[in-house]
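A.B. asks: Read top to bottom, the protein sequences are chains P and W.
Just so you know, the first sequence maps onto residues -13 to 320 in this note's numbering.
Just so you know, the second sequence maps onto residues 462 to 902 in this note's numbering.
Careful, some of the hints might be misleading.
[As the list claims (entries may be wrong)] Now the stretches of chain P that chain W is said to cover, found in silico as 3 or more residues with beta-carbon under 8 Å:
1. 88 to 96
2. 106 to 116
3. 146 to 154
4. 220 to 231
5. 250 to 258
[Claimed, not checked] With a cut-off of at most 30 Å between alpha-carbon atoms, the simulated BS3-like pairs for lysine-lysine come out as follows:
6. K127/P with K222/P
7. K79/P with K295/P
8. K83/P with K897/W
9. K83/P with K891/W
10. K91/P with K689/W
11. K769/W with K592/W
12. K295/P with K689/W
13. K79/P with K91/P
14. K91/P with K174/P
15. K600/W with K91/P
16. K83/P with K174/P
17. K295/P with K222/P
18. K222/P with K689/W
19. K765/W with K891/W
20. K891/W with K79/P
21. K769/W with K91/P
22. K91/P with K897/W
23. K765/W with K897/W
24. K79/P with K174/P
Quick caveat, the hints were computed from the structure, so don't treat them as lab data.
Values in this document were obtained by computation on a predicted structure and should not be read as measured data.
Glycine included, each C-beta is placed from N, C-alpha and C at the ideal position.
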Amino acid sequence: MNELAFFINNVVIAGSVSGSIYAIGAIGVTLIFSIMRFAHFAHADMMTFGAFMVLLLTTLFPAAGASIGVPTAVLMLPLAMLLTAALAVGIDKTFYKPLRAHGVKPIVLVIGSLGVTLILQGLIRLFSGTGGQSLYVDDRKEIFRLALPFEGARAPIVITEPQIYLFVITLLAVVALHLFLNRSRLGKAMRAMSDNPELAQASGINTNTIVAVTWMIAGALAAIAGTLLSLDVTFKPDLSFFLLLPIFAAAIVGGVGHPYGAIAGGFVVGFAETLAVFNWNVLLRPFSDSLPAWLELPSNLAFVGTEYKIVVPFFILVAILVWRPTGLFKGKVI
Amino acid sequence: MSDSAKTRNPDYTPKDATQARRFPLRELILFGVLLVAILAVYAIMGAAYSTRMLVEAACYAILALGLTIQWGYAGQFNAGVMGFVALGGFCAMFFSVPVNDAFWGSALPGEFGRVLLYGAAAILLIVGASKLDRLGVPKPLRTFIAVVLGVVLYLVVISQLREVTDAIENQAGFVGGLGLPPWIGWIVGGALAGGVGYFIGHICLGLRSDYLAIATLGIAEIIKAFLKNSDWLTRGTATVSPLPWPTPGPAELGFTLSRAIYLSFTAVIIAVIFFLLNRAYNAPWGRMIRAIRDNEVSAAAMGKDINKRRLEIFVLGCILMGLGGGILGTFNSLFDPQGYLPLNHTFLVLVMVILGGPGNNLGTIFGAVAVYIIWIMSEPLALFLMQLAVSFGEGAFGWDAPGNMDSRALQARVLVIGLLITMVLRFAPKGLLPEKIKSHG
C-alpha cells in the first residue's frame, strides 16, 4: 500500500496543485483573449509581480498574520491582488490602449505584450535579485501527514499547509467568478462583449469599462496564482517562460474564450504533466512476481524525465491544434 | 489623343512606375552614423574586441534577415528564434568537433543503431495499427489499439534508449563529432531548423497568428531543454570547446586578423543572402507574399494558396536562423546550451528587426549592427551606472547595497529591451528604414 500513498502524493496531490495554478492562470488568459482578442504573453509575469508584492508586504509586516492565525502571506494576498489589478489596468492604459487605438493587428499587441513581459521581468529582477526566496518569512510551513486506513500502510499521505490554502482559494475564486459572470450585470455585459463587441457597444454597453474590469479580474487572478505557486515552492523571478506554455495550452485545450473550459484545461494539463513524469514502475513493482519471466521491467518507467516536463504541455497543445483547434468546449475564437 | 484620355481625371491617370529614384539620404545618414559609432568602438576598445563584436553583429544580421522575412514579408511572428539558433549551433558543433574514438571504437554505436531500428519499427507498427480500419476493424477499436500500442512501444523504446545513452555517458563521455568541415554543419543546421519550422508551421499557420507565437515559444524551450539535458549528445552543461573554424584560427594568425577573415567570410554570406532576398522580394513571388500579408481575403480570391505560401516563407526564415546560429556557434568556438537565452537570441533579434525596418533588408542589417553595438556597450554602461547609484546611495542615505549588484545591473538590460520593443511599436511601427511600398499607378 506504500505504493498507493506514493501515487497519491506524486500524482493526485501534485497534479491538483499544478492544475489549480494553471487553471487560475488560464482563466485570466482566456478572459483577455475573449475581450481583447489577443494572446497576453505578459500574464505569467503579472503572476510573478503579484507574488513579489506579497513578498514585499510580508517582509514589511512579518508578524501580521500570527495575530489571526494565518500565514502573513495569505493575509497579504488581497492587498497584492488589488495592486496587481491596478498594475494590469495601468499596463493596458500605457501600452495596449494606444496600440488598439491605432487599429493594429492583434499580433502586434502580442509583440507589445512580450515587451511588457521583459519590462516586468527586468523590474522584478532589479528589485528582488535573481535568486529564489521563500514567502514564509516569519511563519513555519505546516506539513500534515495522514496515515492511510489500510493494513500495512506505512507511508503517509503528505499535504502541506499552502496546498490546502491553494485548494480553498481556487475553489473560492472559481465560485466567485461563476457568480460574477452569470448573476451580475457587469458579468453579463462582459459575456455579451466577448460574443460580439459591436453589438454589445450598440446596445449601450460601455466597452471601456468592460475592458478595465477584465484587466482587473485578470490581474487579481494572476496575483492569486502567482502567490499560491510561490507559497507552495519558493518565489523565483524567472518563472514566466515555463509557466506560459502550460497556461496557454490549458486555455486552448479548454477552448479559447471559455472560462470553464480553461479550468478543465488547467487540470488536464496539470495531471498530464504529473502522470507523464511519474515512474510507473512503482505501481507495477508489487505485481512483479506474477509477471512472466521474460518481461523484465526497467527501473525507470516514466514517459518523460522531469527535466523534459515542458514537452508535455507542448505535446498537448500540438495535439489539440491538430485534432480540435476549437478546444474541448468549442471556444469561439480560433 | 483619344477622347477618353482627355476626359479622364488627371488624378487617376497612371503614372510611370519607373519614376526617378529618390536620393537615399536617410540611408546615407543612418549608415554614416553607424560607421562613426563603429570607428569610435574601435578607437576605445581596440581592434580585436571590436572585430569580434562586428562578427557577432554579422551573425545576428543573418538571424535578423531570417526574422524579417517572417515578420516583415509575411506578418508571421516567431517568438522562438532562440530554438532555431540553438539547433544551428548544435549542428555546427556536432559536425565539426573531432571524432571521439572512445565511442566509435566500442560496441556502443551498434547498440545505439539497434535502438534506432527499434524506434523505426515501433513507428511503423503504430502507423500500421492506425490503418487497421481498412481491414474492417471498427474505428473506436482501431484508435484504442493504436493508442495502447503507441504507449507500450514508446515505453519500451525510451527505456532502451535511456540504457544506451547512460552507457555512452559512462564509457565514452559523449558521442563526439564527425570531424567534418563546419560549413557542412551550418547547412545541415539550416536544414534541421527548416524541418522543425515545417513541423510547427504545418500545424499553426492555418490558425490564428497568436498560436504560432505560442508554439514557437514552446519549441524553443524544448530544444534548449533537450540540448541541455542530453549529456550523451552535447555534454550538456559541461559544454564543448573548441570548435574548429573554417578559416585560419587565432592560434595561427592572431586574434584581429583571424577574426577579420572570419568577418569577411560572413560578410560574403550576408551579401549572397541579401542579393537573393532582394531578388525574391521584387519577383512575382515576393509580390504575392506581400499581397497575402496585406489582404489575405483578396489574395485567396485571386486563387493563391495562402497556407502553402506562408509555410514556404516560414521555413525559409527558419533555415536562415539555423544557418546564422551555426555561424555564430562556430565563431564562439564554444557550444554551451545554457548560453542560449530568450533575451539574447529571441528578443534582441526582434528589436533589431522592428527597429531597423521590418520588410526592408537594408534596414534590418542596419538594425542588427546598430542594436548589437548598443547591446554590447550597454554591459559596461549598466555596471557603471549601477556602481554610481550604489555609491550615491551609500553616501547620501547610508544605504547598504546588496552584494549581487552586478547581476542586477545586467538585469536592467532586460527592462531596456522591453521598453524599446513597446516604444518602437507605438511611435515608429515601421522602423528607422521603412519598407518602401511601390505604387503601380
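A.B. asks: Please go over all the hints and tell whether each is borne out by the structure.
C.D. replies: Hints, one by one, checked against the model:
1. As drawn, the region 88 to 96 of chain P meets chain W at 7 residues by the rule of a beta-carbon pair under 8 Å; at three or more, the given contact holds.
2. Counting residues of the region 106 to 116 of chain P whose CB lies closer than 8 Å to any CB of chain W gives 8, which reaches the minimum of 3, so the coverage claim holds.
3. Here the region 146 to 154 of chain P counts 0 residues with a CB under 8 Å from a CB of chain W, which misses the bar of 3, and the coverage is violated.
4. A count of 4 residues in the region 220 to 231 of chain P with a Cβ less than 8 Å from any Cβ of chain W is obtained; the coverage claim is therefore met, three being the minimum.
5. Requiring three or more residues with a Cβ within less than 8 Å of a Cβ of chain W, the coverage given for the region 250 to 258 of chain P is violated, as only 0 such residues are present.
6. Our distance criterion of 30 Å between C-alpha atoms is met by K127/P and K222/P, whose separation comes to about 18 Å.
7. For the hint linking K79/P to K295/P, the alpha-carbon distance of about 36 Å lies beyond 30 Å, and the restraint is violated.
8. Distance restraint check for K83/P and K897/W: the Cα-Cα separation of roughly 28 Å lies within the 30 Å cut-off, and the hinted pair is therefore satisfied.
9. Taking the CA atoms of K83/P and K891/W, the gap is near 19 Å; set against the 30 Å cutoff, the hint holds.
10. About 36 Å separates the Cα atoms of K91/P and K689/W, which puts this hinted pair outside 30 Å; it is violated.
11. The straight-line distance between the Cα atoms of K769/W and K592/W is roughly 27 Å, inside the 30 Å bound, and the hint therefore holds.
12. With a CA separation close to 13 Å, the supplied pair K295/P and K689/W stays within the 30 Å bound.
13. Our distance criterion of 30 Å between C-alpha atoms is met by K79/P and K91/P, whose separation comes to about 18 Å.
14. Of the supplied pair hints, the one linking K91/P and K174/P holds, its CA atoms being roughly 27 Å apart against a limit of 30 Å.
15. Between K600/W and K91/P the alpha-carbon distance is near 42 Å, which puts this suggested pair outside the 30 Å criterion.
16. Note on K83/P and K174/P: the hinted pairing holds, with a Cα-Cα distance of about 23 Å set against a maximum of 30 Å.
17. A C-alpha spacing of about 18 Å is found between K295/P and K222/P, which places the hinted pair at or below 30 Å, so the restraint holds.
18. This hinted pair checks out: K222/P and K689/W have alpha carbons roughly 21 Å apart, not beyond 30 Å.
19. Our distance criterion of 30 Å between C-alpha atoms is met by K765/W and K891/W, whose separation comes to about 26 Å.
20. As the CA atoms of K891/W and K79/P are separated by approximately 22 Å, the hinted pair is consistent with the 30 Å bound.
21. Of the supplied pair hints, the one linking K769/W and K91/P holds, its CA atoms being roughly 22 Å apart against a limit of 30 Å.
22. Under the criterion of a C-alpha separation no larger than 30 Å, the hint pairing K91/P with K897/W is consistent with the structure, at around 20 Å.
23. For the suggested pair K765/W and K897/W, the alpha carbons sit about 23 Å apart, so the restraint of at most 30 Å is met.
24. Note on K79/P and K174/P: the hinted pairing holds, with a Cα-Cα distance of about 24 Å set against a maximum of 30 Å.
In this structure, the hints that do not hold are numbers 3, 5, 7, 10, 15, in rising order.
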